[in-house]
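**Q** Chain residues, written in single-letter form:
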Amino acid sequence: MKISIQINEGPYQHQASDTAYLFAKAAIDAGHEIFRVFFYHDGVNNASRFTMPPQDDRNVVNQWAELNIKNASGEPELVVCIAAALRRGMLDESEANKNGVEGNNIHPAFRISGLGQLIEAGIQSDRLVVFGD
Amino acid sequence: MKISIQINEGPYQHQASDTAYLFAKAAIDAGHEIFRVFFYHDGVNNASRFTMPPQDDRNVVNQWAELNIKNASGEPELVVCIAAALRRGMLDESEANKNGVEGNNIHPAFRISGLGQLIEAGIQSDRLVVFGD
Amino acid sequence: MLHTVNKSSFERNSLQSCLNTIDDTSVILLIEDGVISAANNANSSMLSDLATQGRVYALQGDVDARGISSKVADNIKLVDYAGFVDLVVEHGTAVSWV
Amino acid sequence: MLHTVNKSSFERNSLQSCLNTIDDTSVILLIEDGVISAANNANSSMLSDLATQGRVYALQGDVDARGISSKVADNIKLVDYAGFVDLVVEHGTAVSWV
Amino acid sequence: MATKKFMYLNRKASYGTAYAIESLEVVLIAAAFDQDVSLAFIDDGVYQIVEGQNTDGIGMKNFSKTFHALGDYDINKLYVSAESLVERGLTADDLMSLVYEDEDDDWAEKPSVKIVSNAELTKIMSDQDVCLSF
Amino acid sequence: MATKKFMYLNRKASYGTAYAIESLEVVLIAAAFDQDVSLAFIDDGVYQIVEGQNTDGIGMKNFSKTFHALGDYDINKLYVSAESLVERGLTADDLMSLVYEDEDDDWAEKPSVKIVSNAELTKIMSDQDVCLSF
Numbered sequence: 347m348k349i350s351i352q353i354n355e356g357p358y359q360h361q362a363s364d365t366a367y368l369f370a371k372a373a374i375d376a377g378h379e380i381f382r383v384f385f386y387h388d389g390v391n392n393a394s395r396f397t398m399p400p401q402d403d404r405n406v407v408n409q410w411a412e413l414n415i416k417n418a419s420g421e422p423e424l425v426v427c428i429a430a431a432l433r434r435g436m437l438d439e440s441e442a443n444k445n446g447v448e449g450n451n452i453h454p455a456f457r458i459s460g461l462g463q464l465i466e467a468g469i470q471s472d473r474l475v476v477f478g479d
Numbered sequence: 347m348k349i350s351i352q353i354n355e356g357p358y359q360h361q362a363s364d365t366a367y368l369f370a371k372a373a374i375d376a377g378h379e380i381f382r383v384f385f386y387h388d389g390v391n392n393a394s395r396f397t398m399p400p401q402d403d404r405n406v407v408n409q410w411a412e413l414n415i416k417n418a419s420g421e422p423e424l425v426v427c428i429a430a431a432l433r434r435g436m437l438d439e440s441e442a443n444k445n446g447v448e449g450n451n452i453h454p455a456f457r458i459s460g461l462g463q464l465i466e467a468g469i470q471s472d473r474l475v476v477f478g479d
Numbered sequence: 527m528l529h530t531v532n533k534s535s536f537e538r539n540s541l542q543s544c545l546n547t548i549d550d551t552s553v554i555l556l557i558e559d560g561v562i563s564a565a566n567n568a569n570s571s572m573l574s575d576l577a578t579q580g581r582v583y584a585l586q587g588d589v590d591a592r593g594i595s596s597k598v599a600d601n602i603k604l605v606d607y608a609g610f611v612d613l614v615v616e617h618g619t620a621v622s623w624v
Numbered sequence: 527m528l529h530t531v532n533k534s535s536f537e538r539n540s541l542q543s544c545l546n547t548i549d550d551t552s553v554i555l556l557i558e559d560g561v562i563s564a565a566n567n568a569n570s571s572m573l574s575d576l577a578t579q580g581r582v583y584a585l586q587g588d589v590d591a592r593g594i595s596s597k598v599a600d601n602i603k604l605v606d607y608a609g610f611v612d613l614v615v616e617h618g619t620a621v622s623w624v
Numbered sequence: 043m044a045t046k047k048f049m050y051l052n053r054k055a056s057y058g059t060a061y062a063i064e065s066l067e068v069v070l071i072a073a074a075f076d077q078d079v080s081l082a083f084i085d086d087g088v089y090q091i092v093e094g095q096n097t098d099g100i101g102m103k104n105f106s107k108t109f110h111a112l113g114d115y116d117i118n119k120l121y122v123s124a125e126s127l128v129e130r131g132l133t134a135d136d137l138m139s140l141v142y143e144d145e146d147d148d149w150a151e152k153p154s155v156k157i158v159s160n161a162e163l164t165k166i167m168s169d170q171d172v173c174l175s176f
Numbered sequence: 043m044a045t046k047k048f049m050y051l052n053r054k055a056s057y058g059t060a061y062a063i064e065s066l067e068v069v070l071i072a073a074a075f076d077q078d079v080s081l082a083f084i085d086d087g088v089y090q091i092v093e094g095q096n097t098d099g100i101g102m103k104n105f106s107k108t109f110h111a112l113g114d115y116d117i118n119k120l121y122v123s124a125e126s127l128v129e130r131g132l133t134a135d136d137l138m139s140l141v142y143e144d145e146d147d148d149w150a151e152k153p154s155v156k157i158v159s160n161a162e163l164t165k166i167m168s169d170q171d172v173c174l175s176f
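Residue numbers (our numbering), protein chains in the order written: chain A, 347 to 479; chain B, 347 to 479; chain C, 527 to 624; chain D, 527 to 624; chain E, 43 to 176; chain F, 43 to 176.
Just to be clear, a hint being listed does not mean it is correct.
Take a look, some chain D residues computed to stay more than 12 Å from chain A by CB distance [stated by the list, open to error]: (1) Leu545; (2) Ala568; (3) Asn569; (4) Gly580; (5) Val621.
Straight-line alpha carbon distances no greater than 30 Å define the calculated DSS-like cross-link-like pairs of lysine-lysine that follow [what the hints assert, rightly or not]: (6) F:Lys165 - F:Lys103; (7) E:Lys165 - B:Lys371; (8) A:Lys348 - E:Lys165.
Since the hints were made in silico from the structure, they are not lab data.
Don't be surprised by glycine CBs; every beta carbon is placed ideally from N, CA and C.
Turn these sequences into a full structure, and let the hints steer you where they fit.
**A** Written as structure tokens, this is what we have:
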């Protein structure tokens, strides 16, 4: 089955991203396809390559990256909502340049895109599961 | 009176930082001193210089910066908890270098420091007010 | 003491928790979604006694934002942010029921 | 449908809201702090009918994390993440009471 | 592209958290996808469409007027829980008058908001293909 | 430096959110400041100190053992709401056995956890100078 996921909360503050990750991993292990993971609201903060958890804790961002969820064209299907990202300080190189900011923080396993990607995930997938506060 | 503030949530997702800002501004206008604002939990995300809200919305990060809360030595008293910040991807130049990360995102009006700064704020201030989820 | 409550009593238990441990001299300030508890509704009885004693405040800006300014229950006092600061100054330790 | 509830019924109204609109064939999965509602406690009656019908599940990992595995109410079925996936597959539309 | 039934479940008041405004942002984008769209306002979500919101005092954007745009995008199924309203001391008169023009009825202006019982809401929800929760 | 009475108010369960673990991190730092420290566990906060937590299944750090360190730092006033316990079907036996050594009583081992009524908690709270909420 094709399953998509929406994540509404950032890492470490809420369990949402941890649960979603373990769910996604179990779905893949069971032979299902994770069509897309859409990071919305504070969920965009899961995509920061600056994240440095303590040595004895899990790295939520790397866990997602290691799932290596990509489409047929090889693009990452860990999608960060652009509108939610900009107002929360999550920038890729292109958005940083557009906004005249020095630096960027989106992990390369994620890509920034519009809210249409969430709707499309709902249309294209057999199931969409929301994880939040 | 000396008043300190603890903020537990990030910008835009929760009203906590907005309320705390308007409270701090009103306190200053009334002749009180804001001794320190301590950003904890997701509150650390209020310190990102990457934050790019839409044109017609307030800029929560700049609002704090413009309050210009500093101590007698000229150091900012907008203090970001280092432990909470690192696991949520908030880095200043020194922490980025230590962790081998290219780039950093702490706004210069804020400084990163330890949890002791929160306790000290509680000791040194006449009041400590917490804003959260 | 000043107790601040920032969530709706329909959504969370924070107002009830505050009421469980508030002493006889403390006051409550409703802020953010907490102002929902300032309106006349099925939960109004939670605050009516304290309101009659003049011990319940609500942040005007939050009341107005939620479109319920015409529905604020009797004896609940509206304050602005300057009034919030005054309450913090006057009532000693501030307790946030976040 | 599969309804997921991730908050304690003591803290929030989400389990009650779910129960207000659940149909006769849907099931509930308690996850994260939602598993607190799987334990025997003052709110147990909220779920007992549905549990008797075999329509209430709880995520084992979350139950264990909160130290309440010995207290899970009768007829509530424990599942792991693979079981969570199976529930999503089997029950059609997933509704999250976040 | 297939047409699916999308339900947007709104359970939180505006301003205290961003869920309300960011839910509305999704709904506006969803309009372009030509799907069957319903919005449910239950619990404190009903406050999102209360008339007379004024955010001058809190420094935040008053986005409540944006709900009026939904009709223009053919989004006209806004279901409000009757029980949630009653509990909160609200009536239909307290809600914004949100309307759309019915193209099947000579563009007559009709209300988009329907106040429904939880029992009716149960049926509506059971019929959905995708539920986005905010 | 002045000594103040600090109350740490814990109302949320561990793991679902970070408030519990990050509250404990503050408390451990606070020990170095030689202040009067009390912890209150009310509502779902009581789950923070339930015995037998096992996080193997959720991929998160089990930090509950860290509560045992508090006694070594002279943090020995952990107040637990009796009403919150009863509501949740919990008793004193379900809680971790947290102790400290009383230097004024020949280092006798004594319990740090005190189960108190809401009425007693009211008095304790009224006596505090600073309240940090998590």
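**Q** Give a verdict on every hint.
**A** These are the hints, each one checked on the structure:
1. Leu545: holds, 19 Å
2. Ala568: At roughly 24 Å from the nearest Cβ of chain A, alanine 568 of chain D sits farther out than 12 Å, so the non-interface label holds.
3. Asn569: Asparagine 569 of chain D is indeed farther than 12 Å from all Cβ atoms of chain A, at 20 Å.
4. Gly580: Glycine 580 of chain D is indeed farther than 12 Å from all Cβ atoms of chain A, at 22 Å.
5. Val621: violated, 8 Å
6. F:Lys165 - F:Lys103: violated, 35 Å
7. E:Lys165 - B:Lys371: violated, 49 Å
8. A:Lys348 - E:Lys165: Holds. Lysine 348 of chain A to lysine 165 of chain E sits at ~26 Å (cutoff 30 Å).
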